[in-house]
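Going down the list, the protein sequences come from chains A and B. Under the UniProt record's numbering, residues 1 to 335 are what the first sequence spells out, in order. Under the UniProt record's numbering, residues 1 to 335 are what the second sequence spells out, in order.
For the record, the hints were derived by calculation from the structure and aren't laboratory data. Among these hints, one or two may not hold up.
Now the stretches of chain A that chain B is said to cover, found in silico as 3 or more residues with beta-carbon under 8 Å [to be verified]:
| no. | segment |
| --- | --- |
| 1 | 129-143 |
| 2 | 149-156 |
| 3 | 166-179 |
Using N, Cα and C, we set each Cβ at its ideal position, and we do this for glycine too.
There are 2 protein chains.
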Amino acid sequence: MTAVIIGADIGGTSSRVGVANLTGRFLAVVTGGPANPNAVGIDSAGAEIRRVTDAALAAAGQGLGGTPTVAGVVIGLAGITGVADPEGFARAALDPILAGRPPLEVVTDLAVAYASGSPEPDGCVLIAGTGAMAGIIRSGVLDERRDGWGWLLGDDGSGFWLGREAVRATLADLEAGRELGPLGDAILDLVRTQVEPGPGGEYGASELIRSGYARPPRELSEYATLVAELADVDPVAARIADRAAEVLAATLGRLDPGPALPIVLAGSVLQPGPAGRPTPVGSRLRALLSERYENPLHEAGPGVVGAAWLAVPAAARSDRDLHRRLLASARDRSG
Amino acid sequence: MTAVIIGADIGGTSSRVGVANLTGRFLAVVTGGPANPNAVGIDSAGAEIRRVTDAALAAAGQGLGGTPTVAGVVIGLAGITGVADPEGFARAALDPILAGRPPLEVVTDLAVAYASGSPEPDGCVLIAGTGAMAGIIRSGVLDERRDGWGWLLGDDGSGFWLGREAVRATLADLEAGRELGPLGDAILDLVRTQVEPGPGGEYGASELIRSGYARPPRELSEYATLVAELADVDPVAARIADRAAEVLAATLGRLDPGPALPIVLAGSVLQPGPAGRPTPVGSRLRALLSERYENPLHEAGPGVVGAAWLAVPAAARSDRDLHRRLLASARDRSG
Numbered sequence: 001m002t003a004v005i006i007g008a009d010i011g012g013t014s015s016r017v018g019v020a021n022l023t024g025r026f027l028a029v030v031t032g033g034p035a036n037p038n039a040v041g042i043d044s045a046g047a048e049i050r051r052v053t054d055a056a057l058a059a060a061g062q063g064l065g066g067t068p069t070v071a072g073v074v075i076g077l078a079g080i081t082g083v084a085d086p087e088g089f090a091r092a093a094l095d096p097i098l099a100g101r102p103p104l105e106v107v108t109d110l111a112v113a114y115a116s117g118s119p120e121p122d123g124c125v126l127i128a129g130t131g132a133m134a135g136i137i138r139s140g141v142l143d144e145r146r147d148g149w150g151w152l153l154g155d156d157g158s159g160f161w162l163g164r165e166a167v168r169a170t171l172a173d174l175e176a177g178r179e180l181g182p183l184g185d186a187i188l189d190l191v192r193t194q195v196e197p198g199p200g201g202e203y204g205a206s207e208l209i210r211s212g213y214a215r216p217p218r219e220l221s222e223y224a225t226l227v228a229e230l231a232d233v234d235p236v237a238a239r240i241a242d243r244a245a246e247v248l249a250a251t252l253g254r255l256d257p258g259p260a261l262p263i264v265l266a267g268s269v270l271q272p273g274p275a276g277r278p279t280p281v282g283s284r285l286r287a288l289l290s291e292r293y294e295n296p297l298h299e300a301g302p303g304v305v306g307a308a309w310l311a312v313p314a315a316a317r318s319d320r321d322l323h324r325r326l327l328a329s330a331r332d333r334s335g
Numbered sequence: 001m002t003a004v005i006i007g008a009d010i011g012g013t014s015s016r017v018g019v020a021n022l023t024g025r026f027l028a029v030v031t032g033g034p035a036n037p038n039a040v041g042i043d044s045a046g047a048e049i050r051r052v053t054d055a056a057l058a059a060a061g062q063g064l065g066g067t068p069t070v071a072g073v074v075i076g077l078a079g080i081t082g083v084a085d086p087e088g089f090a091r092a093a094l095d096p097i098l099a100g101r102p103p104l105e106v107v108t109d110l111a112v113a114y115a116s117g118s119p120e121p122d123g124c125v126l127i128a129g130t131g132a133m134a135g136i137i138r139s140g141v142l143d144e145r146r147d148g149w150g151w152l153l154g155d156d157g158s159g160f161w162l163g164r165e166a167v168r169a170t171l172a173d174l175e176a177g178r179e180l181g182p183l184g185d186a187i188l189d190l191v192r193t194q195v196e197p198g199p200g201g202e203y204g205a206s207e208l209i210r211s212g213y214a215r216p217p218r219e220l221s222e223y224a225t226l227v228a229e230l231a232d233v234d235p236v237a238a239r240i241a242d243r244a245a246e247v248l249a250a251t252l253g254r255l256d257p258g259p260a261l262p263i264v265l266a267g268s269v270l271q272p273g274p275a276g277r278p279t280p281v282g283s284r285l286r287a288l289l290s291e292r293y294e295n296p297l298h299e300a301g302p303g304v305v306g307a308a309w310l311a312v313p314a315a316a317r318s319d320r321d322l323h324r325r326l327l328a329s330a331r332d333r334s335g
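Kindly produce the complete structure, drawing on both the sequences and the hints.
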């Protein structure tokens with residue numbers, strides 16, 4: 001019977017479980033709902049992980065004409081330090097469907113992001129999306145982390161950070177009576193949809209401040225996309241993107257990435273969207289890192305690839321081509 | 001009958017109304033509850049302002065042996081732009097007790113803070129306490145403002161800002177495995193009273209982050225006092241105080257204070273407490289400003305002095321000694 005590996009990329013808003021064979025081809029990738037125990041609770045999370053994994057195994061089995069043997073399972077989960085016994089939780093969730101008790105590991109999303117971009121066991125990863133953080137990975141496991149402190153305390157260079165800086169820059173222009181550029185105009189256009197105008201029907205600093213406090217703070221990250229869209233044409237947006245690249249490079253720098261360790265860049269602030277256009281913060285960061293380090297820079301791939309790669313049995317891990325084939329196969333599926 | 005002026009310093013947590021004669025002596029200063037309409041609503045605010053003013057006038061009248069004539073009333077209120085018709089609101093609140101409809105004005109707390117520190121009609125004021133902002137005052141009225149955007153968007157150098165920087169510096173030490181200094185130790189001691197320890201009974205970065213999100217964000221300002229207390233002995237606290245002074249000087253700098261305009265410094269981050277010891281941020285800021293500007297630097301006085309000074313009839317305003325006497329009289333009362 002064909003041996004397969006299972007890689008699960010479990011999130012607070014959606015989850016994906018991929019089943020791949022040991023030549024590096026995904027036989028099934030199934031998307032499910034939120035399944036992070038910190039977000040939805042241990043019971044719901046376990047049930048959803050089981051459901052999606054079962055569906056992925058069934059889909060893979062159909063192609064193979066029989067239930068495959070599972071050679072390894074890796075589950076990537078943000079905030080696993082918040083779960084008392086991650087392995088016990090995962091085993092309890094998957095035991096009913098995994099006969100033969102294959103090796104099973106729960107790893108942090110940083111380790112998965114890293115492994116999706118590089119097959120090397122040791123390296124660095126820098127993520128900037130909803131949050132922002134850097135990590136050093138040793139033997140596939142997160143060894144040290146920098147930032148990732150959340151919107152209130154850190155996440156420097158994240159989407160929230162970009163949005164807040166965009167609002168601050170606009171407030172500074174408004175209070176100084178400077179004419180707004182495209183970024184400030186676009187921000188005030190959004191504010192018009194969110195709060196009532198001032199006494200004279202106007203939208204200015206007071207209304208922008210009011211809108212900031214009228215919504216949950218995290219929603220400031222809404223403005224991050226405006227910074228990305230306008231960095232080529234608006235000097236204020238360009239300056240914010242410059243600064244984001246600097247603070248992200250500083251976060252990585254606090255890790256002291258050893259020579260030649262691969263650096264993987266991940267997250268929506270750094271990685272091209274569906275259109276494939278590099279993000280302004282991503283381009284700037286790559287330029288900064290290339291100046292400072294000789295380390296190879298990689299783009300993160302889909303989370304299921306990272307988790308699946310970490311699930312590959314040790315004996316097969318020396319085949320770096322397997323990693324390349326997993327990536328290509330996952331891209332074929334999503335393309 | 002003796003003519004008096006009324007100065008009211010209305011806050012969201014407490015209010016003070018002072019009644020002074022035109023030689024600069026306070027006849028009564030009465031403290032009341034919160035009376036800012038933005039905090040407690042128009043009706044409660046109006047009732048409390050009337051109650052405290054009535055009590056202050058009665059106390060002053062007792063000393064004088066008769067109800068005094070009111071020559072002017074000034075009410076200082078934070079966030080008056082949020083009140084649709086501040087003068088109408090104040091008049092409605094005070095009409096029942098103010099026979100003869102004396103001149104009445106509602107001004108922002110920035111104008112009151114400025115006038116408490118300088119009798120000159122034009123100048124600058126820099127406040128750092130719960131919030132942080134700078135203003136240019138012209139003819140006693142706030143003309144331009146910088147920052148004061150609140151904890152989420154600005155208030156750089158405020159108590160909240162200091163507290164957040166203290167937490168960030170501690171997190172950076174913890175994640176790098178550096179030994180904590182007195183500031184970090186004191187912060188973790190407070191965290192122990194706020195959240196449960198980690199799985200091994202330990203208090204570290206995770207617990208500090210957890211405590212930050214477990215409380216309303218503003219409560220990070222609790223740590224500001226630790227920075228002030230430890231800036232002389234802890235290099236981390238000293239660095240945060242340095243940086244606070246720099247960002248506050250930058251906020252003031254965005255106003256471009258013209259030559260010779262007095263600069264008034266106000267707020268708990270900048271002003272000595274009851275023990276009279278200068279605050280570390282205040283000392284550093286004074287040093288920075290003295291390097292950059294030749295403008296005279298003043299300490300703000302009690303809010304009732306600023307409000308009372310703004311209530312002085314124009315004809316008496318040329319007597320700068322009157323301002324000095326109001327300050328001395330208010331200090332006698334609180335000493």
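Outcome of the hint check:
1. 129-143: violated (count 0)
2. 149-156: Answer holds; 5 residues pass the 8 Å Cβ test.
3. 166-179: holds (count 6)
Hint compliance for this structure: hint 1 is the single one not met.
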